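Protein chains: 4
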Amino acid sequence: MDAKTAQTKPARIKPAKLTRPSKLQLDDLVLANKILFRFNIVDAFGHISVRDERDPKNRYLMSRHIPPGMVAARDIVTFDMNSNPLTHIGMPQMSERFIHGEIYKQRPDVISVVHCHARPLIPFGTAKGARLRPLTHMCGFLGCGVPIYEIREAGGMTDMLVRTAPLGKALAEVLADKSVVLMRGHGATMVGTSIQEAVFRAIFATENATIQMQAHALAIGGKVEFLSDEESAKSSKGRNVPRAWTLWKHQITAGR
Amino acid sequence: MDAKTAQTKPARIKPAKLTRPSKLQLDDLVLANKILFRFNIVDAFGHISVRDERDPKNRYLMSRHIPPGMVAARDIVTFDMNSNPLTHIGMPQMSERFIHGEIYKQRPDVISVVHCHARPLIPFGTAKGARLRPLTHMCGFLGCGVPIYEIREAGGMTDMLVRTAPLGKALAEVLADKSVVLMRGHGATMVGTSIQEAVFRAIFATENATIQMQAHALAIGGKVEFLSDEESAKSSKGRNVPRAWTLWKHQITAGR
Amino acid sequence: MDAKTAQTKPARIKPAKLTRPSKLQLDDLVLANKILFRFNIVDAFGHISVRDERDPKNRYLMSRHIPPGMVAARDIVTFDMNSNPLTHIGMPQMSERFIHGEIYKQRPDVISVVHCHARPLIPFGTAKGARLRPLTHMCGFLGCGVPIYEIREAGGMTDMLVRTAPLGKALAEVLADKSVVLMRGHGATMVGTSIQEAVFRAIFATENATIQMQAHALAIGGKVEFLSDEESAKSSKGRNVPRAWTLWKHQITAGR
Amino acid sequence: MDAKTAQTKPARIKPAKLTRPSKLQLDDLVLANKILFRFNIVDAFGHISVRDERDPKNRYLMSRHIPPGMVAARDIVTFDMNSNPLTHIGMPQMSERFIHGEIYKQRPDVISVVHCHARPLIPFGTAKGARLRPLTHMCGFLGCGVPIYEIREAGGMTDMLVRTAPLGKALAEVLADKSVVLMRGHGATMVGTSIQEAVFRAIFATENATIQMQAHALAIGGKVEFLSDEESAKSSKGRNVPRAWTLWKHQITAGR
Chain A
1 MDAKTAQTKP ARIKPAKLTR PSKLQLDDLV LANKILFRFN IVDAFGHISV
51 RDERDPKNRY LMSRHIPPGM VAARDIVTFD MNSNPLTHIG MPQMSERFIH
101 GEIYKQRPDV ISVVHCHARP LIPFGTAKGA RLRPLTHMCG FLGCGVPIYE
151 IREAGGMTDM LVRTAPLGKA LAEVLADKSV VLMRGHGATM VGTSIQEAVF
201 RAIFATENAT IQMQAHALAI GGKVEFLSDE ESAKSSKGRN VPRAWTLWKH
251 QITAGR
Chain B
1001 MDAKTAQTKP ARIKPAKLTR PSKLQLDDLV LANKILFRFN IVDAFGHISV
1051 RDERDPKNRY LMSRHIPPGM VAARDIVTFD MNSNPLTHIG MPQMSERFIH
1101 GEIYKQRPDV ISVVHCHARP LIPFGTAKGA RLRPLTHMCG FLGCGVPIYE
1151 IREAGGMTDM LVRTAPLGKA LAEVLADKSV VLMRGHGATM VGTSIQEAVF
1201 RAIFATENAT IQMQAHALAI GGKVEFLSDE ESAKSSKGRN VPRAWTLWKH
1251 QITAGR
Chain C
2001 MDAKTAQTKP ARIKPAKLTR PSKLQLDDLV LANKILFRFN IVDAFGHISV
2051 RDERDPKNRY LMSRHIPPGM VAARDIVTFD MNSNPLTHIG MPQMSERFIH
2101 GEIYKQRPDV ISVVHCHARP LIPFGTAKGA RLRPLTHMCG FLGCGVPIYE
2151 IREAGGMTDM LVRTAPLGKA LAEVLADKSV VLMRGHGATM VGTSIQEAVF
2201 RAIFATENAT IQMQAHALAI GGKVEFLSDE ESAKSSKGRN VPRAWTLWKH
2251 QITAGR
Chain D
3001 MDAKTAQTKP ARIKPAKLTR PSKLQLDDLV LANKILFRFN IVDAFGHISV
3051 RDERDPKNRY LMSRHIPPGM VAARDIVTFD MNSNPLTHIG MPQMSERFIH
3101 GEIYKQRPDV ISVVHCHARP LIPFGTAKGA RLRPLTHMCG FLGCGVPIYE
3151 IREAGGMTDM LVRTAPLGKA LAEVLADKSV VLMRGHGATM VGTSIQEAVF
3201 RAIFATENAT IQMQAHALAI GGKVEFLSDE ESAKSSKGRN VPRAWTLWKH
3251 QITAGR
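Protein chains in written order, with the numbering used here: chain A, 1 to 256; chain B, 1001 to 1256; chain C, 2001 to 2256; chain D, 3001 to 3256.
Looking at chain A on its own, in the form it has when it is part of the complex (with noise of 0.2 Å):
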């Protein structure tokens, strides 16, 4: 994996032959935005994006800077890799869009990122000692570990967002080939090879956690079993994440 290769290259922005992103697409992102909203994931605060199909090495579709329970398809922004807006011009973007190019930039197998404040995952990137670790099937992602990325090492004392391309790039060194990185006093940010792993991973790396700490608490200082990792990596692969998707769709075009 050559991690370098997106960053090196100059991005080609050619804005005024910049065609609309295709229908589906868009219309994955938007429900991505939903979905993250009605399991908490996200509140007002968040945001999913994805690289865009028509131009993965250089650009990544994300909202302008509106609650993600709000996007719908004309909010969807095309970002160059150094998270310069191509279209909607002059509109407020996210300050922390950073964190989505620069891992565009380091991961080429990441085709989508998910920033969020999700509860459960607060307390695991605070408190001292704790690591976020694999209870079950459903979160073998976390088998590899779940770095915790400490903003005054890269940034001293900020307002703890990732508002820098050298924030964001130190965000997605502390990542490295990790699907989730806790940010400590803030949230977290997970990644996939489609919107889909990514927003699978939010939802099941939050649950994880919820259960985890009822797991500590029930132990009182005994131990936990987790998953190995070889029962970890070899339970993130199947139709898992489909069927989440089927149902989560399901939910939201219901209005469930």
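Source of the hints: derived by calculation from the structure; they are not laboratory data. Careful: at least some of the hints might be erroneous.
[As the list claims (entries may be wrong)] Below are the DMTMM-like pairs computed for lysine to aspartate or glutamate, each with C-alpha atoms no more than 20 Å apart in a straight line:
| # | chain 1 | residue 1 | chain 2 | residue 2 |
| --- | --- | --- | --- | --- |
| 1 | A | 178 | A | 150 |
| 2 | B | 1237 | C | 2159 |
| 3 | D | 3249 | A | 75 |
| 4 | A | 223 | B | 1150 |
| 5 | C | 2223 | D | 3150 |
| 6 | B | 1249 | C | 2075 |
| 7 | A | 234 | B | 1153 |
| 8 | C | 2234 | D | 3159 |
| 9 | D | 3234 | A | 153 |
| 10 | A | 249 | B | 1159 |
| 11 | A | 237 | B | 1225 |
| 12 | B | 1128 | A | 150 |
| 13 | C | 2249 | D | 3075 |
| 14 | C | 2223 | D | 3075 |
| 15 | D | 3234 | A | 150 |
| 16 | C | 2128 | B | 1225 |
| 17 | C | 2234 | D | 3150 |
| 18 | A | 223 | B | 1153 |
| 19 | A | 234 | B | 1075 |
| 20 | D | 3223 | A | 150 |
| 21 | A | 128 | D | 3225 |
| 22 | C | 2237 | C | 2159 |
| 23 | B | 1234 | C | 2150 |
| 24 | D | 3234 | A | 159 |
| 25 | B | 1234 | C | 2153 |
| 26 | D | 3128 | C | 2225 |
| 27 | B | 1234 | C | 2159 |
| 28 | B | 1223 | C | 2153 |
| 29 | A | 234 | B | 1150 |
[Claimed, not checked] The following label-pair restraints were derived from C-beta to C-beta distances:
| # | chain 1 | residue 1 | chain 2 | residue 2 | range |
| --- | --- | --- | --- | --- | --- |
| 30 | D | 3027 | C | 2109 | 55 to 61 Å |
| 31 | B | 1145 | D | 3238 | 53 to 59 Å |
| 32 | C | 2193 | D | 3152 | 24 to 30 Å |
| 33 | D | 3165 | C | 2250 | 28 to 34 Å |
| 34 | B | 1089 | A | 150 | 53 to 59 Å |
| 35 | C | 2090 | B | 1153 | 51 to 57 Å |
| 36 | A | 144 | B | 1090 | 34 to 40 Å |
| 37 | B | 1145 | C | 2084 | 37 to 43 Å |
Computed from a prediction, not measured in an experiment: that's the story for all the values here. We treat Cβ as the ideally placed atom computed from N, Cα and C, and that holds for glycine.
Fit chains B, C and D to the given chain A structure using the hints.
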């Protein structure tokens, strides 16, 4: 109880003669799927089956590979006791259908089986030393003991799923004559003498788990008073199951 | 207070002359059932009664054996103080109606009784050493003490249900002059001088339980500051009950 | 900041000349009531006020004595800074309106005040040694400290309510220049430079409390890393409040 009868008798599969299951049994099974989803016992995953009343020794009914909340009567598949589909041939089926077939083989008294990932049950299968025990008279069915299935003992390092008849047989053996078996790093399986009882046990085992975690935390190292064996046995009888079912059916029918 | 008056006077049962309860009292009792269900104080189980305003010393009103959330005015049964039904003869009645009749016999000041299995109250009846105590001014009614009913003392090994007059009488004696009695391995019973007050106490006792568990966990062995006896007594008076009832009635009426 | 100016200047009450508050301010205040109810910050109890933009030094607006979730524009009362109603004379008013008047007198910078019994905040006011501190950048406003009001110090044994101007003045003095004050055995009061900011602080202080309890439990005696003073101060600025308000308004308007 001759637990081996069904297992040794070869299934009399006559697909050509398969009549449709009765509307009553189909309706109950579909309703059970919706109730389990409504009360967060299942999400996109999990399933419930029932012995086919047309040939209860040799066949059972369960939905094809779709989320329980989306199941309709047309999705109900007839399986033989080796978990081969006799209808809906060529469509994707539940990977873990062997849970159901193997339990029916070993437990002639069991009419219905639920497999789920209900969140509050997970800690009891993973926190060393924890035991799920009955805290109220609604959960007397837990009083006979709640074993834990460690799939590593039956299958070594797996993807955690009960994908084969031998893994299902091992699970049925750990369940033995109990009502509920927890599955480490996975979920739980519960059985009943009717669809209604299996659903009741799934919902109230989960309620018990939530309350028991709170009781242990409140006691902080102190004693929690569980139902005695005699109290458990006595409180397992009575009008609880049909009364609860009446409400749940009402709630689903009224769309609440 | 002469708690024995009602008990020793024989019930003047004149079924032939029974007029219908007033619409106002029926409406309040039906509404109370729906409120208790809406706020998860009762599920398929639990019940609320009120002294019959036509003959408050000798009769009370309560629904027949159906889930509280499904109760309508036509389901309200008139009972004598020995908990014999005077209407709806031959229909199934609540097994535990003796809770109500026996409390009315011993507590002339009590107008309404709630029996429930509200989840957060269960740990306080089962964790040894735990005491439910008032944490806020909404729960001053807990300040006089919350006794625990151990049915083993009254009935030995039972199915946990208050199925007889002697078991009900024993419960009323443990309740004594308090507002709430917890029932080990079962639930709780609370009383009030009106339907509104009994419902209020059921809901806020449950709220207090949830908050108190959190307070103890947060204090980790340290002290939690409860209301003093004087604060409890003073905060029990005032406009809280009617104001809360106004909202709850509005929510039920508006279908929320 | 001259906190005493408003307090020493006599209120220029001219009821005869009272025009109606602007529709915009009324709409925002009514919406704030509904948002606080929707997010469980208030139930039947609690209230929010705002300085009257027609005469901000001498008057404030707040609903009459009804549950916040039922408030309409016609229920908004105009009060002077001694918390005397200038409209809706003779109707029942909030017992604790002195919280609002006395804070406005001492804090010229405060435009809006919320008083609530939000459940997760209660443990932090009652568990000895517990301190509510900012865990994420959404709650930087907690970084300046969260004092606890012990009403016994100001009023001895009371019914816990801030029923008088002196009790309100004592609360305002404990609040001092902070954003939130916890009230032992009661609830909390938070202030803001706008209705939107006061609501934001009520909702996110409550979120922080829930997460912080989990973080302490997960750390089991270990350290939890809070925002530093500098991080708190920096993260308190920015676009968070209007963005959250946009979503909340959307949710209320859409009936969700």
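Status of the hints after comparison with the structure:
no.: 1; hint: A/178 with A/150; in the structure: holds (16 Å)
no.: 2; hint: B/1237 with C/2159; in the structure: holds (8 Å)
no.: 3; hint: D/3249 with A/75; in the structure: holds (19 Å)
no.: 4; hint: A/223 with B/1150; in the structure: holds (15 Å)
no.: 5; hint: C/2223 with D/3150; in the structure: holds (15 Å)
no.: 6; hint: B/1249 with C/2075; in the structure: holds (19 Å)
no.: 7; hint: A/234 with B/1153; in the structure: holds (17 Å)
no.: 8; hint: C/2234 with D/3159; in the structure: holds (5 Å)
no.: 9; hint: D/3234 with A/153; in the structure: holds (17 Å)
no.: 10; hint: A/249 with B/1159; in the structure: violated (26 Å)
no.: 11; hint: A/237 with B/1225; in the structure: violated (43 Å)
no.: 12; hint: B/1128 with A/150; in the structure: violated (32 Å)
no.: 13; hint: C/2249 with D/3075; in the structure: holds (19 Å)
no.: 14; hint: C/2223 with D/3075; in the structure: violated (42 Å)
no.: 15; hint: D/3234 with A/150; in the structure: holds (16 Å)
no.: 16; hint: C/2128 with B/1225; in the structure: holds (7 Å)
no.: 17; hint: C/2234 with D/3150; in the structure: holds (16 Å)
no.: 18; hint: A/223 with B/1153; in the structure: holds (19 Å)
no.: 19; hint: A/234 with B/1075; in the structure: violated (29 Å)
no.: 20; hint: D/3223 with A/150; in the structure: holds (15 Å)
no.: 21; hint: A/128 with D/3225; in the structure: holds (7 Å)
no.: 22; hint: C/2237 with C/2159; in the structure: violated (38 Å)
no.: 23; hint: B/1234 with C/2150; in the structure: holds (16 Å)
no.: 24; hint: D/3234 with A/159; in the structure: holds (5 Å)
no.: 25; hint: B/1234 with C/2153; in the structure: holds (17 Å)
no.: 26; hint: D/3128 with C/2225; in the structure: holds (7 Å)
no.: 27; hint: B/1234 with C/2159; in the structure: holds (5 Å)
no.: 28; hint: B/1223 with C/2153; in the structure: holds (19 Å)
no.: 29; hint: A/234 with B/1150; in the structure: holds (16 Å)
no.: 30; hint: D/3027 with C/2109: 55 to 61 Å; in the structure: violated (47 Å)
no.: 31; hint: B/1145 with D/3238: 53 to 59 Å; in the structure: holds (56 Å)
no.: 32; hint: C/2193 with D/3152: 24 to 30 Å; in the structure: holds (29 Å)
no.: 33; hint: D/3165 with C/2250: 28 to 34 Å; in the structure: holds (32 Å)
no.: 34; hint: B/1089 with A/150: 53 to 59 Å; in the structure: holds (56 Å)
no.: 35; hint: C/2090 with B/1153: 51 to 57 Å; in the structure: holds (55 Å)
no.: 36; hint: A/144 with B/1090: 34 to 40 Å; in the structure: holds (36 Å)
no.: 37; hint: B/1145 with C/2084: 37 to 43 Å; in the structure: holds (41 Å)
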